[in-house]
Structure formats: structure tokens, C-alpha cells
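J.: Residue-level listing of the chains:
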Amino acid sequence: MITAGIDIGSTTTKIAILYGDSIAGSLIVPSGTLPAQTAQDAFDKCCKAGGIDKSDISAVAATGYGRRLAKFCDMVITEIKACAIGAMHTKSPMGKIFTIIDIGGQDTKVISLNEKGDIEDFAMNDKCAAGTGRFLEMLANKLELSYEDFIEAALRSQTMIQMNSTCAVFAESEVISLLARNIGKSDIAAAAHNAISDRVCSMVRRVSSKEVICLAGGGARNKALADAIEEGLNKKVYIPDNPQIIVALGAAIAARNKILTGEDNAI
Amino acid sequence: MDNQFQDIYKLNPQYADNPGNMKKQRFIEDEQIRFCAELPHRPSNISYFENIMYNREFTAKPKPRVGYFCNMIPPELIYAFGAQPVRLDCGNAASALIGEEILCGDICPLAKSSFGAFLNKSSLSNSCDLLILPSSCDAKRKMGEILNDIKPVFMLNLPPEQNHERFSNQSYHEVLRLVKFLKKHLKTGLSAHNLRKYIKLSQIRSVLIREIQKIRSKKPRAVSICDFFLIIQSSMFRPADLEQWIEQTKIVLDEMNRFEPQRKSLRTKLVLSGAPIIWPNFKILNLFEECGADIVADTLCTGAQSCFDPVISSEWTKGSILRALANRYVYASVCPCFISQSKRISRILELVEQTGAKGVLNYSLRLCQLFDVENYRLDRILKSEKIPFINIRTDYSLEDKEQLRVRIEAFLEIF
Amino acid sequence: MNALYGIASQYLQPFASPFFLLGLLISINISIKKIKNNVIKYVLPVTFALLLFIIYRICAENAQIAKWLYRLNNPLFAVLAFIVVPAVFLPKGRFYKLFLILPLCAIIFAIVDIVAHYFMAREKEFHWFVVHPGLLISALAGILVIAQTFFSLDNFRRFTRLSALVVLLFGGFAFRQNYADYKAMLERRQNAVKDIMVLSETTPVMRYDNRLAYIPSAPCRFAADGGYVQGCVMELAQRIHQVNFAKISAGDPSEVSVLAMALGALLAVTVLAYIGARWWCGWICPLSTIGSIFDFARRTMGFSYIKPNKPVKTGAMVSGLTLSAFTLNLAYLYTKIDQDGKFMGCRLPAYPFCKICPGQMVCPAASMAQTGYFILPGMEWLFGFFKISVIALTGFFIIGFLTARRVFCRFCPMGMFGGIFNRGALLAIKKDSRKCNSCGICNESCPMDITLVQKEMVKSDVSSFDCIYCGKCVYNCPQDKCLSIEFAGKKVMESDFEKKMIYG
Numbered sequence: 001m002i003t004a005g006i007d008i009g010s011t012t013t014k015i016a017i018l019y020g021d022s023i024a025g026s027l028i029v030p031s032g033t034l035p036a037q038t039a040q041d042a043f044d045k046c047c048k049a050g051g052i053d054k055s056d057i058s059a060v061a062a063t064g065y066g067r068r069l070a071k072f073c074d075m076v077i078t079e080i081k082a083c084a085i086g087a088m089h090t091k092s093p094m095g096k097i098f099t100i101i102d103i104g105g106q107d108t109k110v111i112s113l114n115e116k117g118d119i120e121d122f123a124m125n126d127k128c129a130a131g132t133g134r135f136l137e138m139l140a141n142k143l144e145l146s147y148e149d150f151i152e153a154a155l156r157s158q159t160m161i162q163m164n165s166t167c168a169v170f171a172e173s174e175v176i177s178l179l180a181r182n183i184g185k186s187d188i189a190a191a192a193h194n195a196i197s198d199r200v201c202s203m204v205r206r207v208s209s210k211e212v213i214c215l216a217g218g219g220a221r222n223k224a225l226a227d228a229i230e231e232g233l234n235k236k237v238y239i240p241d242n243p244q245i246i247v248a249l250g251a252a253i254a255a256r257n258k259i260l261t262g263e264d265n266a267i
Numbered sequence: 001m002d003n004q005f006q007d008i009y010k011l012n013p014q015y016a017d018n019p020g021n022m023k024k025q026r027f028i029e030d031e032q033i034r035f036c037a038e039l040p041h042r043p044s045n046i047s048y049f050e051n052i053m054y055n056r057e058f059t060a061k062p063k064p065r066v067g068y069f070c071n072m073i074p075p076e077l078i079y080a081f082g083a084q085p086v087r088l089d090c091g092n093a094a095s096a097l098i099g100e101e102i103l104c105g106d107i108c109p110l111a112k113s114s115f116g117a118f119l120n121k122s123s124l125s126n127s128c129d130l131l132i133l134p135s136s137c138d139a140k141r142k143m144g145e146i147l148n149d150i151k152p153v154f155m156l157n158l159p160p161e162q163n164h165e166r167f168s169n170q171s172y173h174e175v176l177r178l179v180k181f182l183k184k185h186l187k188t189g190l191s192a193h194n195l196r197k198y199i200k201l202s203q204i205r206s207v208l209i210r211e212i213q214k215i216r217s218k219k220p221r222a223v224s225i226c227d228f229f230l231i232i233q234s235s236m237f238r239p240a241d242l243e244q245w246i247e248q249t250k251i252v253l254d255e256m257n258r259f260e261p262q263r264k265s266l267r268t269k270l271v272l273s274g275a276p277i278i279w280p281n282f283k284i285l286n287l288f289e290e291c292g293a294d295i296v297a298d299t300l301c302t303g304a305q306s307c308f309d310p311v312i313s314s315e316w317t318k319g320s321i322l323r324a325l326a327n328r329y330v331y332a333s334v335c336p337c338f339i340s341q342s343k344r345i346s347r348i349l350e351l352v353e354q355t356g357a358k359g360v361l362n363y364s365l366r367l368c369q370l371f372d373v374e375n376y377r378l379d380r381i382l383k384s385e386k387i388p389f390i391n392i393r394t395d396y397s398l399e400d401k402e403q404l405r406v407r408i409e410a411f412l413e414i415f
Numbered sequence: 001m002n003a004l005y006g007i008a009s010q011y012l013q014p015f016a017s018p019f020f021l022l023g024l025l026i027s028i029n030i031s032i033k034k035i036k037n038n039v040i041k042y043v044l045p046v047t048f049a050l051l052l053f054i055i056y057r058i059c060a061e062n063a064q065i066a067k068w069l070y071r072l073n074n075p076l077f078a079v080l081a082f083i084v085v086p087a088v089f090l091p092k093g094r095f096y097k098l099f100l101i102l103p104l105c106a107i108i109f110a111i112v113d114i115v116a117h118y119f120m121a122r123e124k125e126f127h128w129f130v131v132h133p134g135l136l137i138s139a140l141a142g143i144l145v146i147a148q149t150f151f152s153l154d155n156f157r158r159f160t161r162l163s164a165l166v167v168l169l170f171g172g173f174a175f176r177q178n179y180a181d182y183k184a185m186l187e188r189r190q191n192a193v194k195d196i197m198v199l200s201e202t203t204p205v206m207r208y209d210n211r212l213a214y215i216p217s218a219p220c221r222f223a224a225d226g227g228y229v230q231g232c233v234m235e236l237a238q239r240i241h242q243v244n245f246a247k248i249s250a251g252d253p254s255e256v257s258v259l260a261m262a263l264g265a266l267l268a269v270t271v272l273a274y275i276g277a278r279w280w281c282g283w284i285c286p287l288s289t290i291g292s293i294f295d296f297a298r299r300t301m302g303f304s305y306i307k308p309n310k311p312v313k314t315g316a317m318v319s320g321l322t323l324s325a326f327t328l329n330l331a332y333l334y335t336k337i338d339q340d341g342k343f344m345g346c347r348l349p350a351y352p353f354c355k356i357c358p359g360q361m362v363c364p365a366a367s368m369a370q371t372g373y374f375i376l377p378g379m380e381w382l383f384g385f386f387k388i389s390v391i392a393l394t395g396f397f398i399i400g401f402l403t404a405r406r407v408f409c410r411f412c413p414m415g416m417f418g419g420i421f422n423r424g425a426l427l428a429i430k431k432d433s434r435k436c437n438s439c440g441i442c443n444e445s446c447p448m449d450i451t452l453v454q455k456e457m458v459k460s461d462v463s464s465f466d467c468i469y470c471g472k473c474v475y476n477c478p479q480d481k482c483l484s485i486e487f488a489g490k491k492v493m494e495s496d497f498e499k500k501m502i503y504g
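Chains as they are written, first to last, in the numbering used here: chain Y, 1 to 267; chain R, 1 to 415; chain B, 1 to 504.
These are computed hints drawn from the structure, not numbers from a lab.
EDC-like, lysine to aspartate or glutamate: derived pairs with alpha carbons at most 20 Å apart:
| id | chain 1 | residue 1 | chain 2 | residue 2 |
| --- | --- | --- | --- | --- |
| 1 | Y | Lys127 | R | Glu402 |
| 2 | B | Lys307 | R | Glu165 |
| 3 | B | Lys435 | R | Glu350 |
Keep in mind the model is a prediction, meaning the values are calculated, not measured.
Work the whole structure out from these sequences, hints included.
T.: Shown next, in the form of C-alpha cells:
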């Protein structure tokens, strides 16, 4: 059976096509200003790239902030549930996953699971940019580095500097003052990562930090951030392959489960 | 009788002249009216309650009007003096913006909104002759002096601990002091006969609300939560005729008894607890209605809990009745302004068991420390009882609906 | 009629034993608490009862045991076992309607007895009707059981209290077994020295064979025509203090029989206390009913009551106990009086406690002197102690009931005796703390101002020493099923605010 999941996020739209138990195709595109159109186009493109005929797809599930915009989808599911399902599917080599940290472009989620893999508790930070991928993007821009160079710079840093601003916007001006004090870009980059990781870790501690902890979302590809979080929680984290499509994958699995069991997880 | 506030520092009230804000206030109300109008299956006489609630003309006053806050002031006492009690806690988000200009921005939105209502000369709050405030939370306690510049204010001192043995005499003397205050300003006397009459009416109201809540837990679609709150709040937050209200609510109850749902409701049943939800700020109720869950019971001081505990007097002498009023309104309250939250937790667990609800929803207002701090223990206790629980923390603004929606949908997906 | 009563009392002997009643109730308690099967629930107590019957019969073969068993018997126990216990425990269905025939028969038998005695008598005078005490008690129980189906709880309690008041104040006339007895009493009254301190006392004859049986009640000799219905636990205590133990060891038969009767009565009152604890304070005691009339006057006049705090309540209890202990000592010293009737120069009466009890003034007043003397003791008794005490206590009784509630009950030693059994007896007040909203109405309605019911949030048993089981807390509680009264494991009353409001 082939099912598909579409994660319409605020920054990027992700597609995942599930064939049997493995990923047959995936795609990540920027959402742009017309998310519904973007979703449709991305879906078409992904199917073509994987060599899959759209009529073979049994069901499509939409998730993410724009989940109700894609009218061609068969069911909707929140990104929280999709993230949990997707993370459980990855079968981490470190053991059963009990905590998931999803660092997205404009929000961060922490989900705690119980023994059976069901969601026990969750917390979302979607009101403030400090603690999301956006924060790092803004600071990388300010330092005039590309995102990859920014991460690399952070990894090279040897000293620990504390950034003071609570607000992402004020952090920008703080970067200028740090540069003026001749502090190196790598140290500033590291400080930025530490700032994010502090906020993420405090959110994790409020919910649950039971191992194994899985990192998902776009932020998981950032090695400096993963290291900072590991240090902050003093636990190792598991980063699955292709962490950014975990949520879309979860949606696809949910669509498959719905057909198999007749159960409706959707609203 | 001594004055609680010094007159030498009395100020002139500063009314606001902000037609843009007034328009916004009306817009918020109209939005809610529209949402309620689109609800499926409303009671046939809902227009009676709507007329009371949507009315914007408050100048006509057949009886002197006494405004009060919170759920710790006995309205039966005010009725017995021949006056009309009106609860002045306000739920309009735009009104909070005006209040914020004078009061600090970092306080409870309810306090800001209620204060903002006073800055509008033609509001219901300004049409009152007297005001009574309990010393429940910090915001209410400090608002008293500020409001005293606008209308004569009486602050009812509450004990910090709901310990009947230790403080019941104190509460009784506070009620006696309130009686003296009302006598002085309303210039009428108080008879045990009148008290008895209004307590009996209030007991009937209590029974009706209990019955409606019971039926709603079995047939949630008989009356939606928004309409239920509308019915309850129309008797408290507007100058309503209690006897007429009882007659109309009996009709609603009859209809509910005869209501037969066409199919079994698959929507999740939840118990709601937390901070006050006041019309037109039905944001949370609307969201749950849209997301497909039924709130079958609540412990809100502006919902069913406000009318749930009846006043019972062991005998009908005036002293005994006043004691009974003090007891019910101070010691039966589940407000977090007291030092222990055990009563609220017992109530929630009891409601979950009685109604067969699947989960508990705690609604806390941003910037209310009391509900925020209580959330920690509530979370742990409900988790140990294996009851699914979600805490929704928001303020009056209508801008975060979608963010709340995703949380609510994620919570409902657990079931 | 007499013959019938004689035969019945002979065959139904085992049922009049306190052991039968106790055994029956304990087996009911066990079957309610532990047994789930609905059939066995009813079969077990019945089989147990039959077992007790057989054991009694076997024991009665031995003459010595039979004598003692017989002494302990009391028609009151048979009435309780056959009329009251089924009324409480049978489910309200068809069986209940069938069972109602029993109290109806009791009433009919009592009426027949009265009529028969009336026709058999030679002189017909107004305030004289004779009926067997056993039949009177069963008829009264029958009336109450049938009335319970019509009245609400508050009204049922008022009805019970008024009937108890009437029976205990005036019932002595009915307890006389024949007209000669009645005439003898009138003569005694005529000729006796009108001195309350030397009033001659008797104990109620309740059995066909003229042996004495005991009804525990309060008040006592100052009601019911000069002393027929007695049985305040203090009276027993005084009797026991006055028993001459030297004579007992010598084997004096009359002294032995006095001690036997006193011990038997003590066992009876203990059994009843174990079964009902302090329930008679709330439902039977005529002194409290008279006090409630004053309370009604207070409420009608609009005066609020004064709430005593803990030190005052404890002080009342301690002074009551002290006074009672003092009079018991005087009772013992009575045995040491010389030929003049004096002990160390003071005149002492036979039953000192009774002479300071307010019942001595209040009961004759309530019965309009039909049943007792209305005189004060003289000053020469113990330096005027008795005169001053009885005036003070009676004044206190009246003023107390006009300002607070149940004032005398906080001093009453009979009440305190029952109060000892309040925790752990078959009657209990239970609370489901999770339903409680701490409104305190239970504390406000409680005539004894008990705070435990409202304060206790952990345990489910909230019985306390002061509780008189009037049921006002349960009746007034607004949270459904929060408070309840449990008798031998069965909930006989539960708080149900909505039902009360809807159905009245």
C-alpha cells in the first residue's frame, strides 16, 4: 500500500511517500505565500520523482499549520501526533523513544511518550521566535554567514559566551555589540546555539527528559545545536536520518493505519 | 461604621473617550453573537436569555443597582434589600486595552477589562450605585481603592484559609458589616422574610443548574456549552429578574428532558476547570465546540460551579441566615486565592467520576499567578490518577486561536 | 387476653433476650458488609436467628442459667427485633408491604387489650386505661414504623419525639397491670408525705409474671405517675452503689435479686447503647423534647443561637461529670446513714442525683402535675445543696434552651454514657470527603455544635462523642451522598439535596 503525508509548515513544506514500510520518496520545498498551491505542486513533483502514479496512492494525510488548506487530502492530523508516530517508526538503535524534540522553523515542540508509544504530554513554543530555527537564521544573517558556515563556526568555538537577550530581535543588536568587542564570529555563533539550547532544554525539563530522546525537525540537522542540547540535558540524543520529514512520514503512517484499522485519528 | 479608604486622597475619575475602542468592543460581542447563532440545536426560548445578555442599554433602573465582583458576595443579601445585584467581571478583550492604559499592563486581563468598563460612562459598570469587592486576589484587592474614586466601594475581607472553625466568626462579622454598609447607602432595612424568599429562589436556581449539568453529561447535544454559559451568566452578569429567569430555565430543562439525540455522540467528554470565562470571551468554549469535544461539567466561578452550592440555613432567624450566607460564599468557594487547592481537586475528581468524562481541561489566564501555580500540583495529581489532562494558558486576545487549536486537536487525538 | 399474653410471652422468651437482638444485628452487619450474593444476604441473618433460638432453648434446660437468662429478658428487645429491625433492613418492595401486617397486628392487639381491660374493670374513670406494657411498646413501635412511610425525615423525628414524650410522661398510667395497682398508687400519693426527697420508688413491671423489667429512658421517676418508668443510667449507677456487698457474700436472697436486677438492667442499657449509641438523645428523650419547645419559642421570636466554642463545651462536660460523680458518692454514703437518717449531721436522700436533675421540675410541669410532685426540696438536705442545685439547674435548663441549643445535653451523664458508644457502635455517621465542599452547614445545623463532620477529610467514619444522631447534618448537606447514617452496615439516610428540593 502506498500512502503519502504532507507537512505544510510555516517555513517549508515537506512530502513523504510511504511504500509498505519504507520511504519511497520525500521532498522539502519552501512554503512561499500560497501554501495550498505549493503543497499541490510539491506533491505532484515528489510522486513524479519517485516514479509513483498518483492513482496508486491510497490515502493522503495533511499536517502542519496549513493542514486544512490542502483540500485534496483525505485526512488531517496535528503535527504533534504525526511527529510522535514518525519518530516511533524510525526504530532508534539506542532503545525505545520516550521524548521527542522537534525544532522547527517557527516553533519548537517537546513530546513525551508512554510505554505503549502514545502521547502522554506535550508542550509547544509557538509564540516566541527565541528557541526556534528562525532565531539562528536571523543571527546567521547578521553575521553575514551562510547557514552551514554558521553551524561550522559554532562547532569550532572553544570559549563559552553568554548571550543576554531574551528576545530574538534584541539578540540581533547584541550580536553587533559583541562583534564590536572583538569577539570572534565562531564564539558568537556558539553562544547563539547555547541560547537556543537553554530554552529548548528548559522546555524539555518541564515536560519530560526520559531517554531515549529523539531530535526531529529542521533543527536536528544542525550538529552544533544537537551537541548543545546533549550538553544541556546531559544525555545523548538520537537523530534519525532525514529528520526534517519525520512529521510528514508520521502523517503518511497515520493515513496507512486509518485504512488498515478503520480507526480515525483525525478530527 | 468606619471608612475603609481615606477620603482625603480621593481623585476625580478619568473617563476614556475612545470611540475606536468602543467599536472594537461591539465587534467582539457581535462575533460571539454570530457564533452562538450558528450553534446546532438551541433551546426554543434562548432569545429570552440572549436579549438579557446582548442588551447594551443600561440606564433604565427600576431598582438601585449594586455591582459586585467574584463569587464570594451573596447576591441574595442585595436582593433582600430591594436592590438589583449585578456581577461586573468583564470578558471583553477590547475593554482590557483601555484598562491597561491606567492600570499596569502586567496584571490579570479580567481586572484590566473590568476596570476598562468603568472608564466608559454608559457601561453597565458605571450605572451601578454601589460596588462590593472581596479581597480575593491581588488584582481585586487593589482595584477597590481605585474604584472608590468612581463609586462607593465596600471591600469584604476574606480569610486566607478556608478554615471554618478558625474564621467563621470573622466571616460572619464581615457580612454584618456589609449589611450595615448597604443599610446606610440604600436607606432601607433588612428583613429575615425577604432573605428567606430570595434564598429559596437561589436554591431553586441551584437545583436547575445541577439538573441541566446532569442531563448534559448524558446528552451533551441537548444544549451546547456556549448556550449553557449564556443561560447561567444572564442571571448574574446582567440585571435579571430571578423569578422570570427561573421560569424560562424550567422550560429549557423540560426541553432537555424530552430531547432525544439521533445518534450516539462520539465526541470526547471533558471536564473544564480554571479561570473565569465571561461573555463575550467564549474563545475556549468556541474552540472546543469546533474541534469536536463536549465540555460536560465545569468548576468555573462563572459557570455551573457558581450556582452549584446552595445556601442552606438551619433555621430562619436573621443571624442564622447571615451565617449561612457567609459560610456558603466564603467556605464553599474553589477559587485559588485561598491557600489550599484540595477542594478544587476533589471537585474535579468527583465530576470526572460522576459524568464519565475522559479528560480534564485546565484553563488558566496568562498573568494570573494563582492558577499558574496551582497547575503544577493539579497536573501531577491527575497524572497519578491516570486522567488525561491539558493546560491551556491564554489571555483575552483573540489572536492566538489557531495556536490553541493545534494544541486542543493534539489533546483530543489522544482519545 | 391475659392468658394469651401469658402463653405468648412463654414461647417467645428467647426472642426477648438481649443476646438474640444483638446476635441478629451483628449477623446483619456482617452480611451487609461482607456478603455479595443477594440470596445469602437475607438467608444468613435468618438462619443465625434460628440458631440463637435453639441455643437459648438448650441453655434454658439448666435451671440456674434459665433464671439468669430470664432476668435479662425484656419485651423491648422482642419488639425491636421483630418490628424495628425488619422495618429498617427489608428492602422497600413487596416483602415490606407484607411485613407491615406485623405492626398492624401489634396495634390491633393493643387496642383489643385496652378494650378488654376496660370492660373487665369495675370502676370506669377517665385517665385510666390498662394495657400490657409489652403490647403498648409494640403498638407504639408499630405506629412509628407505619408512620415512617408517610412522613419526611424531619417530621418523622418530630412525631417520634412527641410520641415518646407522651408515652414517657403519661405512660405510667398504662403500665399499671390492673386497677388495684392503680388505686394503690393513688392512695400512696394521697397518704405519702409530700416531700420529694422521700418519694417511694418503684421499677416498671413489664412482665406477666409480675417480675420487674427495665426500660432505659430519661427522665424517670418524675414522669409517669410518680415513678413507674425509670431507667436513667444514673439511677442504675446509684442502685449499684447502694448494694451491700457484705450481704451478697452472705448470700442474702433479696440483696442478690436487687443486684441481679441492677446488673440485668445495666446489661440491657449497654446492649441498647451498643445498638443505638446516643440515638435516644435525639429521638426519644422527653427532656430534650421539652427543651426543643423552648428552642421553637426562641426561633419564633427571631433570636439567633449562641455558638459555644470548644473550651465552653469541654467545661460543660467536665462539670456535668463532676456533679454526677459527687452525687454518686453521696449515694454510696447513703448506705452509711445512722438511725436519724443522717450522715455526719447531714440528711441524705436515697437517690441523690435524681434530686438535682432538672427533670424533677420540668417533667411534672410539662405533664401539668399529673405525673409528679411540683415541690422543691428543703434547705436541710446537705446544707441546701439539693435545693440550690435543682433551682440552678432548672433555671439553667430553661435559659439554656432559650439561648443556645441542647444545652442540658452537654451536661447529661446519661447522654455521656451513650456517647461512649458513639464510635464503634452499630450506628455511625459516614462521610465521603471527596464530595464535601466544606460549606460548614453540617456544623451550623448541629444542635451539639460538632465540628468533626465538617473538618474530617480523610477518614470515612465521622461519629463523635457528642453526636445525638438527629440527622440534621445529613438532611441539610447540599452535596448528594456526601453524608449518611449507617445502621449495622446499611445506609438508612443519605444527604440528597436535589430530591429534597424537588420532592419536598
